[in-house]
Amino acid sequence: MMEKEELYKTASLARLELTEKEADDLSQAVSQMIEYFSMMEKIDVTGLEPTTHVSAGKNRVRKDEIVESSLADRMIEAAPEHDDRFITIPHVL
Amino acid sequence: MIETFIGLEIHIQLLTKTKIFCNCKNEFSHIPNTNVCPVCMGYPGVLPRLNEEAVRKAYIVCRALNCHLNEKAVFERKNYFYPDLPKNYQISQFALPFGVNGLVEIDGVPKIRIHEAHLEEDAGKLVHEGMTSYCDFNRTGTPLLEIVTEPDFKKPEDAELFLQNFRKMVRYLRVCDGNMEEGSMRCDVNVSVNFEGKGLGRKVEIKNLNSFRHVRLALQHEIQRQSKMLTAGETIVQETRLWNDEKKRTESMRSKEDANDYRYFPEPDLPPYYPAPEFLAAIEKEQTELPWIRKRRFINEYKLADDGAEFLTEERERADFFEAALNAGVSVQSASSWMRGEIAKGLNKNKMSLKDSHLTVEKFVTLIKLLDEGKINSQGAKKAMEILICEDKDTADVIRENNLMQMADSGELEAVVDKVIAGNDKVVQQIKGGDQKPIGFLIGQIMKASGGKADPKKARELLLNKIS
Numbered sequence: 001m002m003e004k005e006e007l008y009k010t011a012s013l014a015r016l017e018l019t020e021k022e023a024d025d026l027s028q029a030v031s032q033m034i035e036y037f038s039m040m041e042k043i044d045v046t047g048l049e050p051t052t053h054v055s056a057g058k059n060r061v062r063k064d065e066i067v068e069s070s071l072a073d074r075m076i077e078a079a080p081e082h083d084d085r086f087i088t089i090p091h092v093l
Numbered sequence: 001m002i003e004t005f006i007g008l009e010i011h012i013q014l015l016t017k018t019k020i021f022c023n024c025k026n027e028f029s030h031i032p033n034t035n036v037c038p039v040c041m042g043y044p045g046v047l048p049r050l051n052e053e054a055v056r057k058a059y060i061v062c063r064a065l066n067c068h069l070n071e072k073a074v075f076e077r078k079n080y081f082y083p084d085l086p087k088n089y090q091i092s093q094f095a096l097p098f099g100v101n102g103l104v105e106i107d108g109v110p111k112i113r114i115h116e117a118h119l120e121e122d123a124g125k126l127v128h129e130g131m132t133s134y135c136d137f138n139r140t141g142t143p144l145l146e147i148v149t150e151p152d153f154k155k156p157e158d159a160e161l162f163l164q165n166f167r168k169m170v171r172y173l174r175v176c177d178g179n180m181e182e183g184s185m186r187c188d189v190n191v192s193v194n195f196e197g198k199g200l201g202r203k204v205e206i207k208n209l210n211s212f213r214h215v216r217l218a219l220q221h222e223i224q225r226q227s228k229m230l231t232a233g234e235t236i237v238q239e240t241r242l243w244n245d246e247k248k249r250t251e252s253m254r255s256k257e258d259a260n261d262y263r264y265f266p267e268p269d270l271p272p273y274y275p276a277p278e279f280l281a282a283i284e285k286e287q288t289e290l291p292w293i294r295k296r297r298f299i300n301e302y303k304l305a306d307d308g309a310e311f312l313t314e315e316r317e318r319a320d321f322f323e324a325a326l327n328a329g330v331s332v333q334s335a336s337s338w339m340r341g342e343i344a345k346g347l348n349k350n351k352m353s354l355k356d357s358h359l360t361v362e363k364f365v366t367l368i369k370l371l372d373e374g375k376i377n378s379q380g381a382k383k384a385m386e387i388l389i390c391e392d393k394d395t396a397d398v399i400r401e402n403n404l405m406q407m408a409d410s411g412e413l414e415a416v417v418d419k420v421i422a423g424n425d426k427v428v429q430q431i432k433g434g435d436q437k438p439i440g441f442l443i444g445q446i447m448k449a450s451g452g453k454a455d456p457k458k459a460r461e462l463l464l465n466k467i468s
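Chains as they are written, first to last, in my numbering: chain A, 1 to 93; chain B, 1 to 468.
Looking at chain B on its own, in the form it has when it is part of the complex:
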């Protein structure tokens, strides 16, 4: 039997206004080399100054990952020559990072130990074309938190599920937008195989993974490749490989034999960081129920099915909306079916998230109350919801302006029913003859004639009374 060991290295760009060591805008720009200054460009004589917001967000993540927070953290220079960093070194943390020895427990994934979480600066972006490389330093100095797990994953699917939850977590914590396509969240994996009981094998690192799917596919391919070699008695080379998505395989990038010697040493321009008790207390306040824990609670507390709880806890705003609606008296059934149905549909149609739509919990609760009281019917409520999502209006105004009130006056409804009976004599005779099927058709006609304002239940009662 062959055992597999998978570890992840996750990089997240922190959501700050400015870069980590200078006051340049931390913002993606299509125009190359706009957000640059002497500090991030490594001009002589400049002094890096640490962004307190980057520190705060880094600690929020360390804490959420149950890391031990080092009493003293030290920035170090990681020396390497590559044109994506003009300083010729990257300021990172090495011996004393912010957080070490964390633990994450997600349902459906084995317990994952976190080796460390350290804060560093992102490098610039190089575009290679023909004989030229094009340098854009806008990204240079973006605050980057690197989270390294222990090789505790046994299956590619576990790694994928972990990453999906991890992304939800950083979004819940509001520290990173988690966009893998744009590179604000990136992941490298390392994987080794060995005969059972023999411990870790020789580690191979895989880069160039731009989606969770790529992570899974690359791991599946690599495990197969290594297992074959192991069984055949071949030697697996410790190296870095790249995922080639077109060919669906990993390819050798560089061998680790002449592994980079980064010659780390403490960054003399940045003093050590000692998290103060009051700072840590503030970090504690920023903690929020993590997505997988909230999902489990939704299943237990609200008796939701797995997929329903998964949907409702996908985003923190969605879960908050749901629970606020329940607090305001909406039933679990009603809130969850509206959120998964009409609300999701409307948001999708307008390519909006709950956060940037005009819908608020108050508007939703008012709508459901009117529906429950029979003031509007479900057709009218659906129509109102469409408008509430994309226009900044009160529920009451939307209903009035669009004439969505249900016919409260039974006289008015009776007149419509009479009209429909009179105009559909043949069908009426059919029903009188014992054929129940066309009843639905007549109700439809009544709804249409009332402009959607009739109460279908009352209309049915009236109709049947009159026909029989």
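Next comes chain A alone, as it looks inside the complex:
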């Protein structure tokens, strides 16, 4: 069973707030997921290079050329709050 404390920590990393009840329900579900992972962890992978990508190819690069986007003004307008061209948010350290 997943430690509740661990669950709260994970939630806080994702900036999620959990009620007591949600935490109870979730800890069971998450524990199950973790068990699946521990099953996979038992598989012997000695000598295998970890697969980071399946079929993305390699060395996909683009030329260093400017293409202007029209997003800027629309993005500022769409922001919940802005001050001139700054997007403003509650103070964060």
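Take every hint as true, because none was put in to throw you off.
Here are the simulated EDC-like cross-link-like pairs (lysine to aspartate or glutamate), alpha carbons at most 20 Å apart as the crow flies:
hint	chain 1	residue 1	chain 2	residue 2
1	B	Lys25	A	Asp64
2	A	Lys58	B	Glu52
3	B	Lys125	A	Asp73
4	B	Lys25	A	Glu65
5	A	Lys58	B	Asp269
6	B	Lys125	A	Asp83
7	B	Lys72	A	Glu49
8	B	Lys125	A	Glu81
9	B	Lys25	A	Glu68
10	B	Lys25	A	Asp73
11	A	Lys4	B	Asp261
12	B	Lys87	A	Glu77
13	B	Lys168	B	Asp356
14	A	Lys63	B	Glu27
15	B	Lys125	A	Asp84
16	A	Lys58	B	Glu71
17	B	Lys457	B	Glu373
18	B	Lys17	A	Glu65
19	A	Lys63	B	Glu52
20	A	Lys63	B	Asp269
21	A	Lys9	B	Asp261
22	A	Lys58	B	Glu278
23	B	Lys17	B	Glu286
24	A	Lys63	B	Glu286
25	A	Lys63	B	Glu278
26	B	Lys17	A	Glu68
27	B	Lys87	A	Glu81
28	B	Lys155	B	Glu196
29	B	Lys17	A	Asp64
Keep in mind that the hints were calculated from the coordinates and are not lab data.
It should be emphasised that the depicted structure is a prediction, and the values quoted were computed from it without experimental measurement.
With chain A fixed as given, assemble chain B onto it according to the hints.
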């Protein structure tokens, strides 16, 4: 005895036209939120595409730092929630960065091992004021190369000297402008102390260092603080501290106990990068003699003093100019004294660097030849130099237009000398009476009367002949 361990984390913004994963302009702008697009703003469904120029410049640095270049490099997502990055993760490299295990050997600094150099995207800029934070995402996605050293520095002064050389290096390599005030080059330090022979102590990271001076001061302060605690038997907390330049001290920012768990994982949208042999051969061609190596060579080869070699190798353009002038036949003495003297003075006065001035090696060499041949005198040469720096003109034209040719005709000079003798009878009598001192005064008068065109040596000869 207490031992100190210092390591550096240096971030350099790479000089590219566009951002690292999108085609937005990579350019500082005073107008917030202008260089943004769906990719760097993390809109759903967009695909990052790697800028080949950022890759090239990153490898140039890795190679210059003698790094081992990983056969395969992988971008990863570094997950953290902070409003300076709208994606909620930063694309960086973690397990397989471009370069690892480098080594830098600079004269006067111990050998410094490079842990790694990895390419990532810069975050946006937040301005905090009152109850509000202001977000500007222009900087978001600027290609950023992070270089991490091993904790091999023993003294704050070594770290400072290393950084000065490092900045020269990135400028020599033309990958970064190295401007610490504007943040295109930034440095965090980590430092720990321990009793000798006990190995590394508990590491403290210091941020908010905007100049080399701040790096040195912050390290000096922090080493003192930690040493006192260590001697008093107190526990040093592993944490991040900020340099407060007004109070000249470091202050606790956050404790590492609830250290961020970044949950790195390979970026699924970017395939791995395998540097090809032909690509690496091209990187090899971009290598240039590094500033500290060039300085050492200048001292050995041209018998320059340390400060002279330091000055001449400060910028790559300056060192290139110097050596090109030597190749064209100018003497070491002449080239170095002109560059440190009149040229430096003129550039300074016009707030120019050699690169953006109008002076070229050819113009300089022509000027020195005319001077050596006695066609112009040093006063005229200095005057011409002032003009050559800020106007786009040939040396010959400048000399002709400003009438700087030395009086070649001795008859003309003789007439001037006669005139000066006639007009300064009292002084002439003084000299005839055995007082040598006023000779200089008369030469000055001759120079003045000739409009600066007389050859002072010839004038002196003539004058003394006539008086005695």
